[in-house]
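Assemble chain B onto chain A, guided by the hints.
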Amino acid sequence: MMLAVVGGGIMAQDGGGTVVSAISMVSGDLLTIDPAQAEASSQIEVINQIFIGLTNQDVVTAETGLGIATGFTAEPQDDGTVVYTFTLQEGIPWVRYNADSGAVEQLTDADGNPMVVTAQDVVYGMLRSLNPETASPYSYVLVPYIVGAAEFNAGTGAADAVGVVAVDDLTVQITAPDAASFAPAIYGLWMSRPQPQAIIEEFGDVWTEPENIATNGPFALKEWAHDESITMIRNPFWPGSDSIPQAQLEEVTLRFLDTPQQFAEYQAGTLDAIQVPADQLAFVQADPTLSAEYVTGGNPCTYYVGFDNTEGPSANAHFRRALSMSIDRQAIIDNILQGGQEAAGFFTYPGLNAAPQQEDFPDAAIHYDTAAAQAEFALALEELGAASAADLGQLSYVFNDTATHTAIAQAIQQMWSETLGLEVILEARESTGYFAGLSEDAPTIYRAGWCQDYSDANNFLYDVFFSASSQNDTGFVNADYDALVAEARVEGDTAVRVDLYSQAEQILVNEQAAIAPIYFYNLQLLVKPNVERAPSVTGNEAYYLWSRSS
Amino acid sequence: MAKFIFRRILWMILVLFLVSVITFGMMHAVPGGPFSREKPLPAATVALLNAKYHLDEPLFVQYLYYVGDIVVPRITLERTPPSQSENYLIDIDLPDIFGEEAHFKWVNFGPTYTSRSRTVNDIFRENLPNSVQLGIAALCVSLAIGMPLGVFTALKRNTRWDYAGMSVAIIGVSVPVIISAPLMQYLFGVQWKILPVTGWGTPAHVILPAFALGFVNSALIARLTRASLLQVLNEDFIRTARAKGLAERRVISLHALKNSLIPVVTILGPLAAALLTGTFVVETVFSVPGMGRYFITSIRARDYPVIMGTVLLYAAVLIIANLVVDLIYAWIDPRIRYD
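If you're matching them up, the sequences are chains A and B in order. Heads up: the first sequence begins at 0 in numbering that gives the first Met the number 0, then just goes up one per residue. Heads up: the second sequence begins at 0 in numbering that gives the first Met the number 0, then just goes up one per residue.
Since the hints were made in silico from the structure, they are not lab data. Just so it is clear, the structure is predicted and the values come from calculations on it, not from any experiment. For every residue, glycine included, the Cβ atom is placed at its ideal position computed from N, Cα and C. Zero decoy hints are in this set.
So the derived list for chain A, only partly shown, Cβ under 8 Å to chain B, looks like this:
#: 1; residue: L30
#: 2; residue: T207
#: 3; residue: H225
#: 4; residue: D226
#: 5; residue: L256
#: 6; residue: A263
#: 7; residue: E264
The shape of chain A in the complex, shown without the other chains:
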């Protein structure tokens, strides 16, 4: 199929201009900007500016708003399934940047008709992500929310049997197997977004190159200098929607740099927005100019210490509780991290939908308490038949080798030694081998973390620690916990869900102490004073909300 192009000029607007940013970027190339293939925050950051799905997470409120849909209905069926009917906004074009004319242009099909985003594009996008041949690393997040998706994704079912259909050009109907209230958020995630079938079939694996791609968001892809940067240009054809207005910036360039290089470029005045290197936080906060440009943002990730719940001393709940309660989380934040992070008494990141807050449920959360820790440790030694900590054998704390993880490991090692008299050795492992080892056979005590896929407590408490979850490296199994998170999953009332999740947290981090949550991540950024950044609690930047004054 051949594609022709119709022209369309663009004019710079007030508040426009170019922003060069490196937030969330790292050195090297982006793995992909294909919505069906993306997995890391740097890739999703780009996709969020150029591909818009049915729904969209508002970066300011973290709530699920509308993307290219103008509204939707949810109708529960007699068999327990729920049918979601989404209505699409009319006339959102597929566009591509033309390097020769220097303008973003609307694409047309073989007959010369403008290509617009249709219900079929949404269906194609979801089915392509679910197709086993695509080998999408994030299809598993979408799988539980469409009937027939699991079988199709596993290669045992047909695409026809997947419950997502285009009723007409502007109506998508999705059948969900159960009443999970956050399903509409999943339908807006990157792997659920509309994808341009004709383009993908013509250009194969290189369809995401700027000269081939078709996008539908507030920005279009202008240039992708592999291993260096990606540049996006304002899409004048984006009509604006509920939570995504037309972009004000003319261009955004994201440079692939590690934080030390980001910091150097920022000081040289060539980058407008960066992530502060961990070892420069104290310097930045003390510097009069830089501290005025310093902002923190949300980053929905939790740092925790995992325990092997199935064997060794860590199979004993008293042992785990003693270790968790002897970690002074605030001291780690104040002395090592120094970025204003929040100490974690729960596993669930507090900014998520239906997440219980530690302030509201202080008794359910786990706290630093040396006296209680020592009492628990005495019980543990008794149950394990050991006279002293030395009889427990040589224990190690295993972590992937980075400067921050090492510093935190040393602090925790010292806290356990001082409070419990427990000596552990630190074992730093190379990252890739470390992560591969976690899911095969988790070490007795190890460092781990979890970041949101979608903004709901279910993504933490059900997706990770439900007993059958593939992410559950600890081997934690608890029938009460499973019942609570399964019930909360399909409960419609948010207040009831929060309460159920607080009970689940109480079991997970307190009563059973399957893990020891340490802190909730945040982002530490520097933004030039003439750049207006949209505050974000989701860990993603929405450049379509940014502007600059000069």
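Structure of chain B alone, referenced to chain A:
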């Protein structure tokens, strides 16, 4: 001489074969795979990805796939959409008598697992030239500083000029690039803002990384040149040259210098191979889109085709550089013969 070169090329093929087998075996013996993540992918997804890249086959079958893709040429008659697994360094459109879409394709180094669209050939095509440019610039810097400094200190042996010059050389050798590169970056880029901090693309971008890389090696070359020249200056033929009444300038430039180059040329072989294929630290510090970082990141990411590609490239360049060095020996010193 032709026979010598031919024999060396045959050896090169054997060496590359052995290097490929050993590397292939070792990289698969390391725990973890290309799809190990902090947030683990579900087993079913990993199985799909492994199948996509033939990683579920026995090792020797994988090896045969790999070598076959590189050495076996193929002819395709129909157009296929661009694919990560089907990207050839040599891709020639055949005359239309074979069919409109007929292509001759040869040398496919495979996909890179750290990208869903790029290939090892893309890295060779796009990143290797950057490293070669930087490498040549760095070599020029090392020779331009190192050789004159070596000659100068040798001629001024045991004077304060000699001690000053060699002190500079000692500092150059002793300060690792990981210190000097960020320092130069901070001074020239951040503090004085006269050169770009990071990036690539203009001549100004080449200066800092080329000096950071070149300075260390110039110190090495200076010391070698000095030692070698001092030795040569004691040779009989130098005395003969002086006895003939040649001006000292001609004695040094025509007779001594050329003969003192042998040790310098010896290290230039491996040095050129290392510099031309890219260096990790300098490319990372200055964010140069070169090959160097792929040597390290591919191992960390278990990106098997990139590990193989970089190792084979380095081995090949090293062998060729040493061959060139051997040929230069014969030119410098007519006593050296290879037949």
